[in-house]
Amino acid sequence: MDISRREWLKLVGQATAIATSGSLLSRAAAAQTNARILILGAGAAGAALANRLSEQLVGGSITLLDPRPEHWYQPGFTLIAAGLKPASYSISQTAQWLPRSATLLSEAAAEIDPDSQTVTTIQGRKIAYDILIVATGLRLDYESIEGMSLDLIGTRGIGSVYAGPALAEKTWQLLDQFTQTGGHALFSRPDTEMKCAGAPLKYAFITEDYATRRGTRDRITIDYCANNNSLFGVPIVSEKVRMLFAERGIDTHYNHIMTAIDADRQIATFQTPQGAVEKSFDFINVIPPMVAHDVVRQSPLPWQTGPWAAQGWVDVDPATLRHKRYPNVFAVGDVAGVPKGKTAASVKWQVPVVVDHIIADLSGRESVEQYNGYTSCPLITKIGRAMLIEFDYKNNLTPSFPGIIAPLEELWISWLMKEVALKATYNAMLRGRA
Amino acid sequence: MKELSIGMLLAIFEEIFGAGLFWAMVICALVVIGLFVLLIIRDKGLIAGRFLWSEITAPIGALAAILFVQIMTDSGFKDLGGPIDLILLIAIGCGGALVAPMFTYLLLGLRDSRR
Ligand SMILES: Cc1cc2nc3c(=O)[nH]c(=O)nc-3n(C[C@H](O)[C@H](O)[C@H](O)COP(=O)(O)OP(=O)(O)OC[C@H]3O[C@@H](n4cnc5c(N)ncnc54)[C@H](O)[C@@H]3O)c2cc1C
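These protein sequences, in sequence, are chains A and B.
When we follow my numbering, the leftmost residue of the first sequence carries the number 1, and every step to the right adds one.
When we follow my numbering, the leftmost residue of the second sequence carries the number 1, and every step to the right adds one.
Calculated directly from the structure, the hints in this document are not laboratory data.
It should be emphasised that the depicted structure is a prediction, and the values quoted were computed from it without experimental measurement.
Hints are supplied without guarantee of correctness; some may be wrong.
Said to hold, decoys possible - Straight-line distance between alpha carbons at most 27 Å, and here's what the computed DSS-like set of lysine-lysine pairs gives:
1) B:44 <-> A:324
2) B:2 <-> A:195
3) A:394 <-> B:2
The task is simple: from the sequences and hints, build the whole structure.
So this is what it looks like as structure tokens:
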């Protein structure tokens with residue numbers, strides 16, 4: 001594959017010129033095309049892309065591949081695991097979010113060949129594309145923790161907020177019980193890139209808060225194990241969390257990477273600079289390593305060197321999310337190999353940027369839209385309060401309401417955003433309206 | 001967030017309440033305000049007695065609005081963490097303190113016109 005970006009632009013431009021000749025655009029911003037757009041994954045990014053693209057394109061085709069008929073609103077998992085919402089809070093049907101003009105095939109992509117511009121599904125269907133958007137999210141690699149499997153969740157004090165709505169609810173049942181009886185709680189985060197890096201911290205805070213409310217705090221000890229020497233990728237936030245953990249009596253351990261779990265003995269093993277360390281637990285929130293799905297990892301799309309090569313994140317330009325080697329391929333959402341950006345809030349910013357680049361390609365112009373790494377996470381510090389943390393690639397805080405909502409303050413208004421506004425904003429984003 | 005447009009805000013509110021309920025609420029609010037204004041025009045100003053009675057409902061409206069938000073959101077007074085929280089609480093209270101008297105004034109006005 002060695003078509004340069006410029007050549008590709010020219011090609012698409014010519015195709016568009018042919019396609020648009022003799023017909024008028026129906027909408028001012030719309031581009032007439034006969035391009036075949038294929039989106040892998042109809043989650044947060046896939047659905048939002050399909051809606052925005054169908055709004056702005058006349059002609060052409062939009063096809064989505066996603067084997068899961070259910071759409072999961074994942075930021076809700078934390079509220080489910082906090083006992084505030086039922087599992088159904090996060091579940092809807094994928095098809096309900098998609099525009100009528102798009103075609104959803106309930107098949108998983110199994111092979112991506114960017115040279116021949118085709119994707120093959122698990123069922124063996126071969127689909128040719130002109131533009132490919134990879135939006136498959138990421139894979140929770142539970143199996144890479146020795147002794148861990150999904151069926152353990154909800155038993156023996158083993159919870160996992162990330163595992164899905166039903167298992168988040170099971171995790172709540174364990175937490176509910178644990179904060180009544182007491183014991184030792186263990187929290188950690190994996191040594192890979194991860195979605196919503198605030199979520200492991202939130203759950204430690206929530207556990208502490210429940211125990212305090214229930215008057216069982218003195219019967220509970222809490223350990224938080226960070227994978228490296230910070231608690232959060234943004235230094236100023238890490239410092240704030242360190243202070244809050246100290247204030248709440250949450251013991252912090254650095255450079256602890258969970259490698260194994262013994263369910264029967266209720267012991268988790270961590271790799272540390274001093275060697276393997278065993279820690280017992282009565283309640284644990286297992287957050288597994290996160291990697292790209294196999295279909296992406298086994299394709300030519302990921303980074304070829306560095307730590308992201310092993311994790312399989314797609315090698316895209318951080319500002320445009322366009323593939324560095326295949327200009328007609330984009331990656332949006334969790335699967336994109338960029339330093340920040342694994343949140344739904346990032347997707348909200350990324351989608352219009354990528355759509356503009358695609359429309360520009362199809363119209364023969366150049367887009368100047370850029371994604372700056374915007375990532376956001378309402379970091380719950382107790383039920384009823386949160387810190388509205390927003391930042392960019394450079395680790396700058398980028399508050400949406402500067403001077404009004406302080407990012408490093410535990411605020412009720414930030415909690416209201418998480419509980420009331422976040423899902424609504426997410427849904428509006430899926431529909432391409434936010 | 002990159003930008004917050006009116007269209008985006010409307011979309012978000014539609015998602016919070018459902019499009020039908022949201023626009024029904026907007027229409028209701030407009031009708032109440034419209035009737036209130038009509039009443040004032042008809043009576044050539046506020047009627048003091050009616051206004052006094054309706055004013056009494058202001059604190060009830062304020063408290064009701066605040067409690068409503070708290071009940072709907074798993075949070076309470078103890079969660080106020082900074083100045084903006086207090087401002088928000090006061091704003092919610094002001095909303096309730098404005099709507100309740102207006103509504104009461106309207107009801108009293110309707111009752112009076114029946115007589
Ligand atoms: C516990 C938790 C808390 C979170 N909290 C927040 C928060 O507070 N704020 C925030 O902004 N974000 C939060 N997030 C992160 C947010 O949910 C994700 O970043 C977002 O969903 C990413 O969107 P995506 O489209 O990349 O992936 P997803 O939404 O996961 O969608 C990926 C889709 O791809 C499909 N797929 C997978 N493999 C294939 C295949 N081979 N072929 C075709 N389709 C495939 C999947 O079925 C899925 O539907 C949280 C996440 C979790 C788990």
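Now the hints, each set against the structure:
| no. | hint | result |
| --- | --- | --- |
| 1 | B:44 <-> A:324 | violated (71 Å) |
| 2 | B:2 <-> A:195 | holds (20 Å) |
| 3 | A:394 <-> B:2 | holds (16 Å) |
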